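A.B. asks: Here the structure of chain P is known, so what remains is to put chain C in place on it, guided by the hints.
Heads up: the protein sequence lines correspond to chains P and C, in order. Following our numbering, the numbering of the first sequence begins with 1 at its first residue and continues without gaps. Following our numbering, the numbering of the second sequence begins with 529 at its first residue and continues without gaps.
Honestly, the hints are just simulated from the structure, not real lab data. The model shown is predicted, which means the values in this text are computed figures rather than measured ones. For each residue, glycine too, the CB sits at the ideal point set by N, CA and C. There's no promise every hint is true.
A few chain C residues that face chain P, going by a derived Cβ cut-off under 8 Å, partial list only [claimed, not checked]:
id : residue
1  : I539
2  : F541
3  : F542
4  : T545
5  : R549
6  : G550
7  : V612
8  : P622
9  : E632
10 : E639
11 : E664
12 : R668
Over 10 Å on every C-beta distance to chain C, these chain P residues come out as not near it, computed from the model [what the hints assert, rightly or not]:
id : residue
13 : G46
14 : G72
15 : D78
16 : D100
17 : V103
18 : K136
19 : K142
20 : D210
21 : H246
22 : K247
23 : L254
24 : D281
25 : I312
26 : F346
27 : V492
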Amino acid sequence: MSEKIKVTINGKEILTTPDKTILQVAEENGIDIPHYCYHPGLPVAGNCRMCLVEVEGARKLQTACSTQVRDGMVVRTDTPQVKEAVRQVLEFMLINHPLDCPVCDQAGECGLQDYYMEYGQYDPKFIENKNKKSKKATPIGKYVILDQERCILCARCVRFTRFITKTEEIGIFNRGDHSEVDLFPGKELNNRYTGNLVDICPVGAMTCRDFRFKCRVWYLEEFDSICPGCSRGCNIKIYYNPHRPHKADGNRVLRFKPRFNPEVNRYWMCDDGRYGYKFIDENRIMYPLKGKEEVYLDEAINSFVSLLKESIPDRTFYLLSANSTNEELFATKKFFVDNYKLENIFLPDEDIFTGDRDDLLITEDKHPNTNGVKAIFNILYKDLIKLDELRELLEEKSISLLIVNRHELPEDVLDFIKENGIKLVYLGTNFNKTSKAADLVFPISVFAEKEGSFINVDKRFQKFSSRLEPLGVSMPEWVLFNRLSELMEFPVYYSSYMNIFKHMISEVGAFKNIDLNNINKYGVLVEL
Amino acid sequence: MDKKKKDLNTIQFFYITEIIRGLYITSVHFFKNLALHILHLFGIAKNKKAMVTYQYPEEKREITRRARTRHRIMKREDGTPRCVACMMCETVCPARCIYIVAKEVENPEVEKAPEIFEIDLGRCIYCGYCVEACPEDAIRMDTFILDTASYDRDSMLLTLEDLLNHDNQDDLYNINYMKK
Numbered sequence: 001m002s003e004k005i006k007v008t009i010n011g012k013e014i015l016t017t018p019d020k021t022i023l024q025v026a027e028e029n030g031i032d033i034p035h036y037c038y039h040p041g042l043p044v045a046g047n048c049r050m051c052l053v054e055v056e057g058a059r060k061l062q063t064a065c066s067t068q069v070r071d072g073m074v075v076r077t078d079t080p081q082v083k084e085a086v087r088q089v090l091e092f093m094l095i096n097h098p099l100d101c102p103v104c105d106q107a108g109e110c111g112l113q114d115y116y117m118e119y120g121q122y123d124p125k126f127i128e129n130k131n132k133k134s135k136k137a138t139p140i141g142k143y144v145i146l147d148q149e150r151c152i153l154c155a156r157c158v159r160f161t162r163f164i165t166k167t168e169e170i171g172i173f174n175r176g177d178h179s180e181v182d183l184f185p186g187k188e189l190n191n192r193y194t195g196n197l198v199d200i201c202p203v204g205a206m207t208c209r210d211f212r213f214k215c216r217v218w219y220l221e222e223f224d225s226i227c228p229g230c231s232r233g234c235n236i237k238i239y240y241n242p243h244r245p246h247k248a249d250g251n252r253v254l255r256f257k258p259r260f261n262p263e264v265n266r267y268w269m270c271d272d273g274r275y276g277y278k279f280i281d282e283n284r285i286m287y288p289l290k291g292k293e294e295v296y297l298d299e300a301i302n303s304f305v306s307l308l309k310e311s312i313p314d315r316t317f318y319l320l321s322a323n324s325t326n327e328e329l330f331a332t333k334k335f336f337v338d339n340y341k342l343e344n345i346f347l348p349d350e351d352i353f354t355g356d357r358d359d360l361l362i363t364e365d366k367h368p369n370t371n372g373v374k375a376i377f378n379i380l381y382k383d384l385i386k387l388d389e390l391r392e393l394l395e396e397k398s399i400s401l402l403i404v405n406r407h408e409l410p411e412d413v414l415d416f417i418k419e420n421g422i423k424l425v426y427l428g429t430n431f432n433k434t435s436k437a438a439d440l441v442f443p444i445s446v447f448a449e450k451e452g453s454f455i456n457v458d459k460r461f462q463k464f465s466s467r468l469e470p471l472g473v474s475m476p477e478w479v480l481f482n483r484l485s486e487l488m489e490f491p492v493y494y495s496s497y498m499n500i501f502k503h504m505i506s507e508v509g510a511f512k513n514i515d516l517n518n519i520n521k522y523g524v525l526v527e528l
Numbered sequence: 529m530d531k532k533k534k535d536l537n538t539i540q541f542f543y544i545t546e547i548i549r550g551l552y553i554t555s556v557h558f559f560k561n562l563a564l565h566i567l568h569l570f571g572i573a574k575n576k577k578a579m580v581t582y583q584y585p586e587e588k589r590e591i592t593r594r595a596r597t598r599h600r601i602m603k604r605e606d607g608t609p610r611c612v613a614c615m616m617c618e619t620v621c622p623a624r625c626i627y628i629v630a631k632e633v634e635n636p637e638v639e640k641a642p643e644i645f646e647i648d649l650g651r652c653i654y655c656g657y658c659v660e661a662c663p664e665d666a667i668r669m670d671t672f673i674l675d676t677a678s679y680d681r682d683s684m685l686l687t688l689e690d691l692l693n694h695d696n697q698d699d700l701y702n703i704n705y706m707k708k
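Bound-form chain P, shown alone:
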């Protein structure tokens, strides 16, 4: 495939390889060809007829999505003939499309709206009545709502269930203008990737039940992030609503969407990750708690320092979390291992061996950064402690101070702590039973509120940033450890995120092949 061929599109000479289609070559070179049925992650179908282009030598217009380029090919996408063809195709698609835009959730990111503004007829010739379909706003599956009238029969959804999830639930039934997309009889849409149907549907035929009527899409802003749902580390976009805070009960983050990464998740993400965004705004710990009462941060930090000073390192116990970012883990290591000389620092096996995995994206380990813990603390899978055995461990080592990072402790451990007067400090993002039993609680900001990096299951180091403000006084763990270091008179002090990031890259052995100035947007493979 190394041989290069020359193609001319709209008078622009392009060097490319012969394994591509006209549409792909045009897209790579910034030439926009309208299309509906073509999706880069799916097989080519060529049934929407929107991508018609003029190829020199061919008698008819050709579909750009299914025509491969060859040497010396001359393509034009801007002739009157092409424009007229696209306009007529669009007119046909809109024949039975209802004028639903005011109630349609796709409005604002709708393929029909976008292309009609650009290529539309503006003076429709259609005078007959629109053909009504049977299913209007019908829920199919847990997360998808089907509206057959809005469908333009591009069959992306059919191909998705056929070739990506291989579950084959959706098909197109009947002929002509009676064609409608529907579930096969007796089938349910219950695969674990149904949210992607909403993404790939270019119109409002499949919309999201979770996002339904919460907010119009033009109020949303987005930023890139990494899904924390499992150790796959799918690249995502987080959509949040900064302009109209009264929407959706005041929740800031309204949806996740997958972001293209050829090495990790390609165009897809699973439903568990996609709809697992709710912890960002719900049930959050916003202020430090001391004995169940909200206190000022300074007071809480002073209490923590005095607890650390009272207890000796041998009788202190720290439970790491694989939800922390690498930078936070690094700061934890600096503070507890290097300066406080703590030896009882462990990663529990909670949610790591769930056995729930598939061949597409979902992995067994439901934490985003178990490999990060491995890289920074040199903890291997065999070194994990079992939460069920925690009680014996605490008893054996006669622990007096237990610091838990985000975990949910079993009941018997909580009882044991209460009986023996062990001080419990909880660092976490959301309330749970352990945080309610804790003597001191510190609010930690969630992944969407801080910069950081995760290492995924394939040892890919992926950085992410944020555009959300932390709720309340919640903060990244490394900020908390900075404050503690000051009071404990430890030498480590990181002034900014970049500062700690650079330190981490230079000090942790596993990260030695990461080039600080040139971090690939698709992540860097590290050696563990």
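C.D. replies: Frame of chain P; chain C shown alone:
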């Protein structure tokens, strides 16, 4: 704005002459209107208009038909709001005085309706963009209610109920107009 101040001439220089001139202008208006009103009483010179003071709020001024006044939301035949919560008005509103939260309704022909629809008249600038943007002709600004004075800001917040509360909607204009 940087106009040079004109020098006063000799007559203007004496303060008293200008005072007298001012009094003269005021008196001319006063006596002219007084005379006209007296003539009107006897039915003479009706074609010449005399100045009028409106005794607001007892007496309201005439509002033209196209004036933009307080909003209302139109109803369907079954009494539900015609609004489908598409957020067009909320989006276009330059004063950001409209708050809408959508809900789902049973009827698949309607699908969407506002759960909360509030207009903060304290912020509204009466530009009428919401009326223009509305694809359902659900919001109109023709109640001919102009005075929104109140003792606190909260009572300037119109809820969906307030906006729908116009029984004789189509006669509204005539009623206000005919009162004159």
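A.B. asks: Could you run down the list of hints and mark each one as holding or not?
C.D. replies: Structure-based check of all given hints:
1. I539: violated (62 Å)
2. F541: violated (61 Å)
3. F542: violated (63 Å)
4. T545: violated (62 Å)
5. R549: With a minimum Cβ separation of about 58 Å from chain P (threshold 8 Å), the hint on R549(C) is violated.
6. G550: At about 54 Å, which exceeds the 8 Å cut-off, the nearest Cβ of chain P leaves the hint on G550(C) violated.
7. V612: holds (5 Å)
8. P622: violated (14 Å)
9. E632: holds (6 Å)
10. E639: holds (5 Å)
11. E664: holds (6 Å)
12. R668: Violated, because the Cβ-Cβ distance from R668(C) to chain P comes to roughly 17 Å (cut-off 8 Å).
13. G46: holds (33 Å)
14. G72: Since the minimum Cβ distance to chain C is about 50 Å, G72(P) lies beyond 10 Å and the statement holds.
15. D78: Given a closest Cβ separation of 33 Å, the condition holds.
16. D100: violated (8 Å)
17. V103: violated (4 Å)
18. K136: With a cut-off of 10 Å, K136(P) comes too close to chain C, as the shortest Cβ separation is near 4 Å.
19. K142: holds (16 Å)
20. D210: holds (13 Å)
21. H246: About 5 Å separates H246(P) from the closest Cβ of chain C, which leaves it inside 10 Å; violated.
22. K247: violated (7 Å)
23. L254: holds (13 Å)
24. D281: Answer for D281(P): holds, closest chain C Cβ roughly 16 Å.
25. I312: holds (55 Å)
26. F346: holds (46 Å)
27. V492: At about 46 Å from chain C, V492(P) clears the 10 Å cut-off, so the statement holds.
In this structure, the hints that do not hold are numbers 1, 2, 3, 4, 5, 6, 8, 12, 16, 17, 18, 21 and 22, in rising order.
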